[in-house]
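Please build the complete structure, drawing on both the sequences and the hints.
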Amino acid sequence: MLVGSQTWEFKRPPTILSTGTVGGPFEAKGQLTAYFDQLYDDIRCGQKSFEQANQIMLETACNLAINKSDIPKEQVQFLIAGDLTNQMTPTNFAASTLQIPFIGTFNACATSMESLALAANLIDSGAASSILTGASSHNAAAERQFRYPTEYGAQKPDSAQWTVTGAGVGLISNTGNGPKITSATLGKVIDMNMTDPFNMGEAMAPAAMDTITIHLKDRGIDASYYDAIITGDLAKVGRSILLDLAKEQNITLREDTLLDCGLMIYKDDQKVFAGGSGAGCSAVVTYGYVINQLKQKKWNRLLIVATGALLSPLSVQQKQSIPCIAHAVSIENEVKS
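Just so you know, we're using the working numbering here: the sequence shown kicks off at 1 and counts up by one.
Not one of these hints is a red herring.
Here are the simulated DSSO-like pairs of lysine-lysine, each with C-alpha atoms no more than 27 Å apart in a straight line:
id: 1; residue 1: K188; residue 2: K217
id: 2; residue 1: K298; residue 2: K267
id: 3; residue 1: K180; residue 2: K217
id: 4; residue 1: K188; residue 2: K247
id: 5; residue 1: K267; residue 2: K156
id: 6; residue 1: K236; residue 2: K156
id: 7; residue 1: K29; residue 2: K267
id: 8; residue 1: K267; residue 2: K236
id: 9; residue 1: K73; residue 2: K180
id: 10; residue 1: K298; residue 2: K180
id: 11; residue 1: K295; residue 2: K73
id: 12; residue 1: K29; residue 2: K271
id: 13; residue 1: K236; residue 2: K319
id: 14; residue 1: K156; residue 2: K319
id: 15; residue 1: K247; residue 2: K217
id: 16; residue 1: K267; residue 2: K295
id: 17; residue 1: K267; residue 2: K297
id: 18; residue 1: K29; residue 2: K236
id: 19; residue 1: K297; residue 2: K68
id: 20; residue 1: K247; residue 2: K236
id: 21; residue 1: K29; residue 2: K68
id: 22; residue 1: K29; residue 2: K156
id: 23; residue 1: K295; residue 2: K11
id: 24; residue 1: K180; residue 2: K11
id: 25; residue 1: K271; residue 2: K236
Please keep in mind that the hints were generated in silico from the structure rather than gathered at the bench.
So this is what it looks like as structure tokens:
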């Protein structure tokens, strides 16, 4: 199953059986509104706090994915998920409510593909037959934790990104029809000594390049094998840097097929600076729009590369650099022979 140095190729590719996607009021005004299962018109989702709103979104997304399938909740072996809030508090409370054996994951905005890779590995190995996996984030909770409360009205540079309020979940199974998870490349932590917490794209782009390079080498393919390579949330700044890095390494990444979840989710007039971000960003785009396009055979082979900036309020206050990571998962309708 291990090919090359960092890539799992799955002998029995697990199926993405069903999905659940939930968003907030700002996401309801974006480009991908039609691909959400549920959209809240209240940023608190009827709860007392932003963190509790995050919890409810994840619970709702999980229940949506289960209800769309023929698998009862009691037959789901594991929940693998995470978020951005301290010690993954919203996910922990959601897991308590759902009462599904829980594996908590945190790789910042790369959590979605980290979780999906682990779920696929467990199912391919026979350790489970059905797993719920996903990620979530909340704009107001993340801003308060990592930067400033939104009520403060702090000014931001154009390189800043807007944390998505949303939760995206997939129900992964060893049976059934749907897009297949064919491989996963787990990335290394790359630290280029970037220190600006308002420029995540610049910090994360080298990690994305490293993982993409290793993935293509390990699988013995070039980028043209995929209909599209979709990064998690490099947004405008990071995507531009990634294209430059690819040219330096003689890897052909076409501008028309190198997409980014942070650039796909919002409209141009929503004033999100460089684009969207957050653990929920790649999760809602992947489990909403991307899976829909695969099921309609508009795409057949995709590589999703979720990127994460592994900073914390503590590391920023201590003037440390920002270590970053990227995990890649290939999702295909046509399995490579």
